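The listed protein sequences correspond, in order, to chains A and B. Start counting the first sequence at 105; every next residue gets the next number (the numbering used here). Start counting the second sequence at 634; every next residue gets the next number (the numbering used here).
Since the hints were made in silico from the structure, they are not lab data. Please note that a few of the clues may not be correct.
[Stated by the list, open to error] Looking from chain B toward chain A, a few residues come up when the C-beta cut is under 10 Å (computed): (1) R649; (2) T653; (3) L659; (4) D676; (5) A677; (6) Q679; (7) P685; (8) Q708; (9) L711; (10) L728; (11) L737; (12) K739; (13) K740; (14) D751; (15) D761.
Note that the structure is predicted; figures quoted are calculated from it, not measured. Ideal placement from N, C-alpha and C gives every residue a C-beta, glycine not left out.
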Amino acid sequence: MSLSLRGGDADPDLRERVVDALITLSEVGFGSYAASLKVDFKRRDALNGIFASLNELIAAFGAEQEQSRAFRQELEDKLTIVEKQRAAIRELSTPIIELWEGVLCLPVVGIMDTARSTEMTN
Amino acid sequence: MPEPMIRGHVIRHTARFFRTECEPALALRIDAELPLDLRAALDAVQSPEWYPRYYESEILQAVARAHGDEVALRQDLLRCGAALAVGDNEFMKLLMRVLTPELLMKKAGRFWARDHRDAGGYHLERLDAEQRRASLRLAGVHGYSHCALIWQGWLRGILTEICRGGFDVEQQGWSWVHPAPSEIVYEVRWS
Numbered sequence: 105m106s107l108s109l110r111g112g113d114a115d116p117d118l119r120e121r122v123v124d125a126l127i128t129l130s131e132v133g134f135g136s137y138a139a140s141l142k143v144d145f146k147r148r149d150a151l152n153g154i155f156a157s158l159n160e161l162i163a164a165f166g167a168e169q170e171q172s173r174a175f176r177q178e179l180e181d182k183l184t185i186v187e188k189q190r191a192a193i194r195e196l197s198t199p200i201i202e203l204w205e206g207v208l209c210l211p212v213v214g215i216m217d218t219a220r221s222t223e224m225t226n
Numbered sequence: 634m635p636e637p638m639i640r641g642h643v644i645r646h647t648a649r650f651f652r653t654e655c656e657p658a659l660a661l662r663i664d665a666e667l668p669l670d671l672r673a674a675l676d677a678v679q680s681p682e683w684y685p686r687y688y689e690s691e692i693l694q695a696v697a698r699a700h701g702d703e704v705a706l707r708q709d710l711l712r713c714g715a716a717l718a719v720g721d722n723e724f725m726k727l728l729m730r731v732l733t734p735e736l737l738m739k740k741a742g743r744f745w746a747r748d749h750r751d752a753g754g755y756h757l758e759r760l761d762a763e764q765r766r767a768s769l770r771l772a773g774v775h776g777y778s779h780c781a782l783i784w785q786g787w788l789r790g791i792l793t794e795i796c797r798g799g800f801d802v803e804q805q806g807w808s809w810v811h812p813a814p815s816e817i818v819y820e821v822r823w824s
């Protein structure tokens, strides 16, 4: 298609329609899937068919992107909860009780690993 | 009256351009000139979303304050606009293969509407295809400081891609002392 449109003698109407379509598609290139190509149903030509198909593709891709965004948000929310829970567990796993001034009591239950011993030392 | 809005990709491009394409010292000065709330908001700007146009305007004003000199500011804003024209948008690259200067003049308003909402627009005042010249009026941009140079650069960026011969784009309306006129006229010639 680009070859026939490159020459100065290309059909001006065809060129303008392709330019219009590509301007709209450039919106999609920026991530806006609300854009759609103008389909003139009075015309019965190949370009209209292509534009209609592209509109379906844009809509489908937009729906996929929306779903993916929702999944990503859900995952981020879950990660936030996991991080909060991890912090709570960390605090509970090394309780520090001040018995009297200068004397602390650290009850240790479970496995003692490097991370936990570092936490206790800190 | 609705607030003028601009697409996130324009803001992102402008912010990134001045952070990466300028000398580090100038980039730091520009960053320091940005209002704190805007500086914090910039990282969250999404390309397809709409944002108040003053975001872009504030960035351009910060760029101007950091430059403090008309010649250097003009050069950098033209470069920024030219880089914005095609960028890494694959459809824009395709478009460059079929766009002609005449069609660019006719469709300038559509490009503007793609990136701006309730924020003025281009009007084709005159198109002389035989003489290869046109006059575009950009109206409704009061308060959009220094946009005249960014969009002059944008026109130049597109023409660089599609013109086999030379071209020239001149603007009337903007000046160092009047950075935010309500109208700008672009006189475009190509060969």
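So, going through the hints one by one against the coordinates:
1. R649: 14 Å, violated
2. T653: Given a least distance of 19 Å, the restraint on B/T653 is violated.
3. L659: Hint on B/L659: violated, closest Cβ of chain A at ~27 Å, above 10 Å.
4. D676: For B/D676, the interface hint is violated, since the closest Cβ of chain A sits about 16 Å away, which is over 10 Å.
5. A677: 14 Å, violated
6. Q679: 7 Å, holds
7. P685: 18 Å, violated
8. Q708: 26 Å, violated
9. L711: The hint is violated - B/L711 has no Cβ within 10 Å of chain A, the shortest such distance being about 21 Å.
10. L728: 4 Å, holds
11. L737: It holds, given that the least Cβ distance between B/L737 and chain A is near 9 Å, below 10 Å.
12. K739: 8 Å, holds
13. K740: 6 Å, holds
14. D751: 17 Å, violated
15. D761: 16 Å, violated
The structure is inconsistent with the numbered hints 1, 2, 3, 4, 5, 7, 8, 9, 14, 15, although it conforms to all the rest.
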